[in-house]
Amino acid sequence: MLPEAPRFTRGNEFLSGCRDELPILLGVAPFGMIYGLLALSAGLPVAVAQGMSSIVFAGSAQFIAAQLIHDRAPGGVIVLTVLVVNLRHALYSASLAPYVRPLGRGWKAGLAYLLTDEAYAVAVTRYLRDEGRSDVSPYRHWYFLGAGLTLWLAWQWSTAVGIFVGARVPASWSLDFTLALTFIALVVPALKDRAGVAAALAAGALAIAGAALPYKLGLPLAALGGVLAGLGAEALRREPSTAGRAA
Amino acid sequence: MSYLPALAVAGLLTFLTRLSFIALLGRFELPPLAARALRFVPPAVLSAIIVPELVLRGGELQLGWRNARLLAGLAAALVAWKSRNVFLTIAVGMAALWALQALLAG
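Chains as they are written, first to last, in the UniProt record's numbering: chain A, 1 to 247; chain B, 1 to 106.
Honestly, the hints are just simulated from the structure, not real lab data. Treat the hints with care, since some could be wrong.
Example chain A residues on the side facing chain B (calculated, C-beta under 7 angstroms, incomplete) [said to hold, decoys possible]: (1) 23; (2) 55; (3) 58; (4) 78; (5) 82; (6) 88; (7) 89; (8) 90; (9) 91; (10) 97; (11) 124; (12) 185; (13) 187; (14) 207; (15) 208; (16) 211.
Given the structure is predicted, the values throughout are model-derived calculations rather than measurements. For every residue, glycine included, the Cβ atom is placed at its ideal position computed from N, Cα and C.
This is chain A alone, in the form it adopts within the complex (with noise of 0.2 angstroms):
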């Protein structure tokens, strides 16, 4: 007896988390050709501009590295302000840790050093999706690859073409802008309840409220402060409802 054509392969997984990340690549793709130029323009080698790509892989922490390295700040000031840059990504592996949890180990850390804002978004997008379905594919982290690689690639890539090539696309096509355009695609349909939309006004507005704060630290305030202000509108709504209920 023939065994019935699969309906989830590694293959398609991994093609369409490729394919899912390609909007986001609009974005990324001249924030790091800019991280390459800014970078030379700080005096940091070549090596170690593009280095930095590889062994940091993180765009707003490179951003402040480079500057850093240019104001000739000592290490331990670089690596703690990369560290309080990129707090926001142990909450990435919170979030993501129940899905890829089965994993053996190999799978694990290297899913973890594709961690970005960029792959996670979309690799949380794809899990969020599958919630509550019975007929969820089993190779749900070759799609997470898919999308993590393919963002690795254009950042190298970006990084290099900023570094060598000098292309420069000018401030006034504001492409930039791409960047947020993509999270706003990713968050709004996310949102489908008073929770959820509380969680993101809140975080909304204690980010405005914490921009000033020293070494980017209003981002995971703001990004704890939503969280808690998420949980809070839960448990005013669950009790209401329940107490309506016994009435």
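Given chain A, work out where chain B should sit, using these hints.
Below, chain B without anything else, positioned relative to chain A:
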């Protein structure tokens, strides 16, 4: 002077930050409260990145109609809500931004 050792440590710490919960969660069950909290991480983090990008110009709060990025972002949010299409959202948002920038400059 070389900054490579500092960058290597920074890279390692970034990797460990990303690995933290992924590596640890296999060893214990997540408490229900934490599991509920995780549901709010995506809207909270993404909003904390987006909102200042739209309303802060050079550190100043700008909520008026002369802020092209705010208006274009609101148009994009409307398209995202109605269409749930990433490409369409980006296309409308960028078109709105360019049109508004041209209008406001003129």
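Hints, verified against the model:
Given the 7 angstroms rule on beta carbons, the hint for residue 23/A holds: about 5 angstroms separates it from the nearest Cβ of chain B. The restraint placing residue 55/A at the interface with chain B holds, with a minimum CB-CB distance near 4 angstroms, inside the 7 angstroms limit. With 7 angstroms as the threshold, the beta carbon of residue 58/A comes within range of chain B, its nearest partner Cβ sitting at about 6 angstroms, so the hint holds. Given the 7 angstroms rule on beta carbons, the hint for residue 78/A holds: about 5 angstroms separates it from the nearest Cβ of chain B.
Annotation: interface hint on residue 82/A holds; nearest CB of chain B at approximately 4 angstroms, less than 7 angstroms. A cut of 7 angstroms between beta carbons decides the hint on residue 88/A: the least distance to chain B is about 6 angstroms, and the hint holds. Hint on residue 89/A holds. Least Cβ distance to chain B is approximately 5 angstroms, under the 7 angstroms limit. The restraint placing residue 90/A at the interface with chain B holds, with a minimum CB-CB distance near 5 angstroms, inside the 7 angstroms limit.
The criterion of a C-beta within 7 angstroms of any C-beta in chain B is met by residue 91/A, whose closest approach is roughly 5 angstroms, and the hint holds. A hinted interface residue such as residue 97/A counts as satisfied when its beta carbon comes closer than 7 angstroms to some beta carbon of chain B; here the least separation is about 4 angstroms, so the hint holds. Taken as an interface hint, residue 124/A checks out: its beta carbon lies about 5 angstroms from the nearest beta carbon of chain B, inside 7 angstroms. For the restraint placing residue 185/A at the interface with chain B, the shortest Cβ-Cβ distance is roughly 4 angstroms, inside the 7 angstroms limit, so the hint holds.
Interface restraint check: residue 187/A against chain B, minimum CB-CB distance 4 angstroms, threshold 7 angstroms, status holds. Interface restraint check: residue 207/A against chain B, minimum CB-CB distance 4 angstroms, threshold 7 angstroms, status holds. Residue-level restraint check for residue 208/A holds (minimum Cβ-Cβ distance to chain B is 6 angstroms; threshold 7 angstroms). The beta carbon of residue 211/A is positioned within 7 angstroms of a beta carbon in chain B (closest approach about 5 angstroms), and the interface hint is therefore held.
Hint violations for this structure: none, all hints satisfied.
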